[in-house]
Amino acid sequence: MQALSSSSLVDLQTSAAMPLMRVLRAYGAEAKYESLRMLRSPAFAIPFLLLPVPVYLFFGVMLAGPAVAKNPGVGTYLFSGFSAFAIMGPALFGVGCTLALERDAGFLKLKRAWPAPGGAYLIAKMLMAMVFAGMAMIMMIVAGVAAGHTQLSASQFFILAAVMIAGAVPFAAIGLFIGAYTSGSAAPAFTNIVYLPGLWLSGLFIPLPKFLEPWAVIWPAFHVNQTALGAAGVSEFSFVAPAISAAVLIGVTVVFGGLAIRRLARHG
Amino acid sequence: MSTTDRLHALDAVRAFALLLGVVFHAGFSFLPGLIPGVWAMTDNSPSSAIGVLLYTSHIFRMSLFFFVAGFFARLMFQRRGARGFWTNRAKRILVPLLAGWVILFPLLAVVWIWGITKTFGGTLPAPPANVPPSPPGAFPLTHLWFLYYLLVLYVLFMLGRAAFCAVDRRGWLRGVVDTAVRGSVSTGVAALVLPVPLALSLYARKEWFAWFGIPTPDQSVIPQWASLIGYGTAMAFGWLIHRQIDLLAVWRKQWPVMLAGGIAATAICLSIVGLGPAFVPMPSGVAKLGYAFSYGVAIWCWTFAIVGAAMQFMSQPNAKVRYVSDASYWIYLVHLPVVAACQVLVGHLPWHWSLKFPLVLIVSMTFLLGTYRYLVRSTFIGQILNGRKYPRDPGSGGRGSKTFQDPVDGVGSEGSSNPEARTPSPDSMATLRGVHKRYGQTVALAGLDLDVHRGELLAVLGANGAGKSTAISLWLGLFEPDAGTVQLFGGSPLDVETRRHVGLMMQEVGLTPELRVRELIELTASYYPAPLTTNEVLALTRLESLANRPYAKLSAGQKRQVQFALAICGRPALLFLDEPTVGLDVDAREAMWRAIRALVTQGCSIVLTTHYLEEAEALADRVAVVANGRLIASGSVDEIRSVVSRKQITCSTALSVAEMGTWPEVLAVTRSARRVQITAADAETVVRRLLAADERVRDLEVRQAGLAEAFTELTKEAA
Numbered sequence: 023m024q025a026l027s028s029s030s031l032v033d034l035q036t037s038a039a040m041p042l043m044r045v046l047r048a049y050g051a052e053a054k055y056e057s058l059r060m061l062r063s064p065a066f067a068i069p070f071l072l073l074p075v076p077v078y079l080f081f082g083v084m085l086a087g088p089a090v091a092k093n094p095g096v097g098t099y100l101f102s103g104f105s106a107f108a109i110m111g112p113a114l115f116g117v118g119c120t121l122a123l124e125r126d127a128g129f130l131k132l133k134r135a136w137p138a139p140g141g142a143y144l145i146a147k148m149l150m151a152m153v154f155a156g157m158a159m160i161m162m163i164v165a166g167v168a169a170g171h172t173q174l175s176a177s178q179f180f181i182l183a184a185v186m187i188a189g190a191v192p193f194a195a196i197g198l199f200i201g202a203y204t205s206g207s208a209a210p211a212f213t214n215i216v217y218l219p220g221l222w223l224s225g226l227f228i229p230l231p232k233f234l235e236p237w238a239v240i241w242p243a244f245h246v247n248q249t250a251l252g253a254a255g256v257s258e259f260s261f262v263a264p265a266i267s268a269a270v271l272i273g274v275t276v277v278f279g280g281l282a283i284r285r286l287a288r289h290g
Numbered sequence: 084m085s086t087t088d089r090l091h092a093l094d095a096v097r098a099f100a101l102l103l104g105v106v107f108h109a110g111f112s113f114l115p116g117l118i119p120g121v122w123a124m125t126d127n128s129p130s131s132a133i134g135v136l137l138y139t140s141h142i143f144r145m146s147l148f149f150f151v152a153g154f155f156a157r158l159m160f161q162r163r164g165a166r167g168f169w170t171n172r173a174k175r176i177l178v179p180l181l182a183g184w185v186i187l188f189p190l191l192a193v194v195w196i197w198g199i200t201k202t203f204g205g206t207l208p209a210p211p212a213n214v215p216p217s218p219p220g221a222f223p224l225t226h227l228w229f230l231y232y233l234l235v236l237y238v239l240f241m242l243g244r245a246a247f248c249a250v251d252r253r254g255w256l257r258g259v260v261d262t263a264v265r266g267s268v269s270t271g272v273a274a275l276v277l278p279v280p281l282a283l284s285l286y287a288r289k290e291w292f293a294w295f296g297i298p299t300p301d302q303s304v305i306p307q308w309a310s311l312i313g314y315g316t317a318m319a320f321g322w323l324i325h326r327q328i329d330l331l332a333v334w335r336k337q338w339p340v341m342l343a344g345g346i347a348a349t350a351i352c353l354s355i356v357g358l359g360p361a362f363v364p365m366p367s368g369v370a371k372l373g374y375a376f377s378y379g380v381a382i383w384c385w386t387f388a389i390v391g392a393a394m395q396f397m398s399q400p401n402a403k404v405r406y407v408s409d410a411s412y413w414i415y416l417v418h419l420p421v422v423a424a425c426q427v428l429v430g431h432l433p434w435h436w437s438l439k440f441p442l443v444l445i446v447s448m449t450f451l452l453g454t455y456r457y458l459v460r461s462t463f464i465g466q467i468l469n470g471r472k473y474p475r476d477p478g479s480g481g482r483g484s485k486t487f488q489d490p491v492d493g494v495g496s497e498g499s500s501n502p503e504a505r506t507p508s509p510d511s512m513a514t515l516r517g518v519h520k521r522y523g524q525t526v527a528l529a530g531l532d533l534d535v536h537r538g539e540l541l542a543v544l545g546a547n548g549a550g551k552s553t554a555i556s557l558w559l560g561l562f563e564p565d566a567g568t569v570q571l572f573g574g575s576p577l578d579v580e581t582r583r584h585v586g587l588m589m590q591e592v593g594l595t596p597e598l599r600v601r602e603l604i605e606l607t608a609s610y611y612p613a614p615l616t617t618n619e620v621l622a623l624t625r626l627e628s629l630a631n632r633p634y635a636k637l638s639a640g641q642k643r644q645v646q647f648a649l650a651i652c653g654r655p656a657l658l659f660l661d662e663p664t665v666g667l668d669v670d671a672r673e674a675m676w677r678a679i680r681a682l683v684t685q686g687c688s689i690v691l692t693t694h695y696l697e698e699a700e701a702l703a704d705r706v707a708v709v710a711n712g713r714l715i716a717s718g719s720v721d722e723i724r725s726v727v728s729r730k731q732i733t734c735s736t737a738l739s740v741a742e743m744g745t746w747p748e749v750l751a752v753t754r755s756a757r758r759v760q761i762t763a764a765d766a767e768t769v770v771r772r773l774l775a776a777d778e779r780v781r782d783l784e785v786r787q788a789g790l791a792e793a794f795t796e797l798t799k800e801a802a
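For the protein sequence lines, the chains are H and E, in the order given. In the working numbering, each number is its position in the first sequence, counted from 1, plus 22. In the working numbering, each number is its position in the second sequence, counted from 1, plus 83.
Same shape as in the complex, but just chain E (with noise of 0.2 angstroms):
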């Protein structure tokens, strides 16, 4: 397990505190007994179910996050210092909380005031006759109160942790405390200790409504004893644990026993305060020091117990939870307006809480997770509340060029070469500059260059899962790449104005069944700006005989016909042909080959994928050979072939094979019935020692290598 392991599960953490922050304020308003105007909406449907569910996330979310943050704090402090520190906690903390405050409160104004007098009917209530003054430092902080906690905290921290060194010059005071904290968790003390503090701070003060917790410090800059407390240790106990990562994992294996314990002490504080909330201050006596404490142990119960869940199955990194917790801080800060207007929309309508109380949730985590999309992750915002600005999405936008992402830390580099500084030539139709495709783990395209010259026919070859058939799905815009960059004409083959001048033919496609081929060939060219007239396709591919049948009643062939003439009726000025003669007879194929040389002849440029070598050297200007994602090879067909030098002889003759293929420039021999086959690299010199080894060889036949000898060797070579 190494440290980014445990980083993963503590950022779940985090998100969930703050997301489950989300659900308790989605809920509010369908609390049993809630005096209407407390909150923005008092729902006509309440539920004691949603009352248990908000009693119990409230007990510990806040204090799980601040002692997650606790545990950050020291984290980053280690690694950046006093300064760097400082400088980051304003940007991330400061910022939020000044820009966050300026335009998140006059937006809860309007909708409380919007949703306080619909509760009462359509008039806002006149405030009570005799309010008592404002007490001083009274602000409302609403809930970016957490934030500015956070800020007070790290100034006590700071202070207290300086003192502490000081006094502490040699470390011993620090070994007592590391040595106390360890022991406390390893035996689970930890649960009971803690929460003294906090359960006496609770139980001496005047005003408290025991339902809610600890306080919600929201109404004030002068900060509350008891939250300050609580939250503090809560930090506290973080920092300290960072001190310790290996505790983590004793949380791990604890983590059942820690959530029987929470779920023990929140059933005994409901038992003790009700399912309900009650809007008054809990009276002083024994059940009040009881519920305190019992309230402190279901806290750190709680937060133990999820944070060992987390390590236990959270710690491998994974994407859409990285999504999530980074989407988290923003949600968390943006959501309370948005929750309370579902809350007012929903808050009279006759519908039962369970339907309404998920559609407030629901509604209104697709609009803040929109919201994060489009406004925040890619954005300056996203900058300041993540410190990192996500590239945008690959589906939205990118007209071409892309560059490689690491899934992980999101560091953006670049692709392997750098595409720009080799500009296609004027003349051609159709470029791929260092692309690169995956599929998964496979490697689709490697760095592949290949370009389309204005009026050519150009050949591309290659075997099964070379990349042809990609490189040409590439073209037609059906994906983009990885990185490097597809042009057409100059354009991006994404827009479908460059598209309506190119026309294809792919492999195993099927077409409407039920359509005749008539009316596909009238469909296809509909999408042409100035398509061929339907009966000259027909005339074209000679499928006169067939227009008016269904194409699920045409044969192989026949569909490949018909497929054939869907590619050329827009006349296009290039045409994709992914094998396209596969499946015809003799008489067919010969008839394409004859369509696709009229194509060529009035200008068209055409790319070919075939795996019938003969139909390259019959059809090809240019032959280019991929292999493993790359360009291998590329030139005239006489050019391919003589990349391989080697030449066939064939011959009858009495010498043994065995005899020959110890000859020197002998690359292999076979014979087959009276007739020798000799492959040499060299040879006029095998010709002369067979004349004069065996002077009545006869039918001797020397012929160079052929296309498919040559495809072979090469990507023999490649492999």
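This is chain H alone, in the form it adopts within the complex (with noise of 0.2 angstroms):
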């Protein structure tokens, strides 16, 4: 106490408004302490950060070995594929069960009462969910690039995975929708029911069976991977034009992020 009486512990000035720097720094440190809670969450960061390069290199790289030989482009193919599988764990567990097991602690309360500006605690779940599509795709392209199996060139690999980053975005805010209406123990079923259909009927790794062929266009993820071999060039496996796949994931994250907004505004 004596060491503060220089400092006054309260400011009187109500009236005073806050600096336009001090309201970007309170995004950025949002963003900052959300990222790194993450990171330090064992159980959550070494399933999602760690794992998808060996899955890829085993099932990608070595079992696809034949499959590659006879068709070089398929190579490239289940590099974006295994590409979106890695972002998309991060978003939608990262941010649904986290914000579910954080409303059920009263901590969103807390939030909504602090003066945080509008939405820094969403948008640093979308910004965390970023950073970790980010560290996804830096050890996956090194993996690629040794693999040696993708015909993507250095150009190529820098738009597949700035979309891949932005493409964290739309299952960040399905993880925002899951996280906003379901409580903490029963997220990760929710978000599970979500993530393993859509990685598979996306037709991300496997050919799909025929009649299956025509639904893969529900699963975001799918878009993901179009908008990524769109934008990147790669034509071959391009299904869909790579605006509309992305207007599709504009949609998805106006969608749910909508209702998950609409939802925490009132319920907390």
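Keep in mind the hints are simulated off the structure, nothing from the lab.
Here are the computed lysine-lysine pairs in the BS3-like style, where the Cα-Cα straight-line distance is at most 25 angstroms: (1) H:K54 to E:K642; (2) H:K133 to E:K636; (3) H:K54 to E:K636; (4) H:K131 to E:K636.
Take the two lone chains and join them into the complex the hints point to.
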């Protein structure tokens, strides 16, 4: 206390507005600490950061060897598919399950009462998903280049990674939706209902049975993959115009994000 | 079952009929065998399943609508008289017809030209060379034809009714009609008799595209006989049913039979006419007559089945159904260009119809519901269409003050008190005025008035569930009140700018377990315009030694200290502390009290809730006692204590407890070990009597009641 005599504990100028730089700093701090705490959570970081690369190397490189030998384009397609796999997990689980747990703990009530700038908490979760997507993509690119199974140029790698990082956002929005509506104990189950079928039925790694093919378009993972392949100019496996896929992803983000925000604003 | 129950059911039926129309049009581009150019888009993935769905729904949807319209027409005529009826119909039918056509026709034209151009691969096909001259009265009514026909039928009904009443002065004829209606409904014969006029008129029609049932009269202002007879019968029967409302209950039992009949008749019709539409007139013959009659039977079986099912399952008021009912009129009016545009967009995509059809429906319904929510419900359009303007939804704005809303009839009424009459005093940091708050059935606040003055420490006391935490939550902008006003620094707590001068500590919160104490402080401080430095906060709250420990590894008391640190890190002018010292040891509590006193000394206003009355006694400038959601007492600690005039007398005496208990001034007596404790309203009299009765009284002590006794007494009175 004595040490503080110089500094006032109370700021009575209640009409003073917050400088813009400090507002931006608040967004930054929120995103920084959201990412930091996820990295510190081993149950989350290990499966979602370290698993995709070995999975890719095993299934997408070793086991797919003969298929790639027959058609080299398959290697590129598999790399893109496993990249989508790598970014989905952190976005869906990292956002959805933590949000549900934090709601259970009453933490969200506190967050709403604090004068955090509008949406800082939700934006932080989205940015966290993108940070994790970025780290996952770096590891995937290292693995992809090392395995040499892709036909991508450096700029194509870059475009693909950029789309994948942005592609974490719609999954984060779905995560927000799940987290906003379910309890902490139910959230992992609901997330898996979206995650596992979405992974397989979007045709990222394996050819789909004929009757399921038209249905691939309902999964956001399909559209992330299509946007990435289309934007990177891989025409062989581009089934839908990248602009349409991107529009679908934006729609998914708006709808699920909007529903989540609506719910959180009312119920906390 | 009351009259209003029936209306809920019929409201739902009308909405169902209208929304079914949206489904019908949404599926049109997927019809098998659709000739390009007939509709805005011809989808590349046609479906027989959609064909059957559309065929079935189209059989009854408009007849069902006109039946309900006839029922409500008589209801309105009875309630408002002829003049009121026509005024209302002019506003709700004529205005939408005229305004709707002017707006929708160009939109429809644009969507149709766009769609047909796309259908024919980019060029609009040339019109056929020898276009026959338009017949007199030709006019593209579009799907708004039903409004036109409603008006025509209203006119015919009013004329017919006047003539009927002129002839039937004694009501004898009316009695015959009512008996016939009752008999035909209760025996189910109605479903076989009512189709006859329609079947004959359809049979007589030369160019009848039989797959589409009753001809859609959207090309001419001259009424078409078959349409007028078909929909006129439906409306007339609805009108007659309103004369004997109890007949609705018959279908409540009959509906499964009627449903079976409807399905059977539909199957017969489909077997005659085929799953996909034929765009050629049906040739005359027995098949045509049989088909026309089966079609009419199907209409009435479906109609009675749906009305009966609605009576059975939808008679109770339901907010969601009611919302959709209100929205359905608007949705049906404007849906066609939206639905058609969606069809055009997806028409050439290489997707299966089972994906595209739901997509068209979902996207257009979302859009239409959205436009209803934001453009209609609370605006003059809603006033015209539904006769009512709903207040804006609680979630969408409103800065604090609000009125109660009756969920059923939506008639707003003012809250109990008039909050504006009492303005907060200028030195108020935070005010609650006449605040009501309910959670479902539980009343949390029932007209609470509370002020926080500049620079004071206000202790809010109350039993569990008295409303303390709710009051604080309102000040923190976590909820909005049901009624009354909530202000912080003269502004709204919903405004983040206002809350930037507020610190808070809540009950039962879990902070991010992975973050360290220092990081939590840094993060929270970032929300404030001019916070203390992290080191200052750590020093002030004696948390230096825990600065780098993750929150999850702290004890309960340490967590509370961290929460206190977060509450003060922003240098707040106003601080809310909800049970701050729960779980703290004596040292930590003393330290927190010192910090709180230091804050008050520097001018911070503090609102403190606590269960420890000694905490309030030690810290508070003022005490507010809340019970059952109301303020029951407020004042300094001494003032509150003096509310209770009783005193405590303790002594050692040989007198028995029972004897002293009979003295009139004594409220209660207890003996513990050798000492007796007496609670008395008038201590002096009791002491005098005590000394007189027992000269050997020792250790006599008289004490003013404490805050605890005062609190107990006050809340007991309030309960």
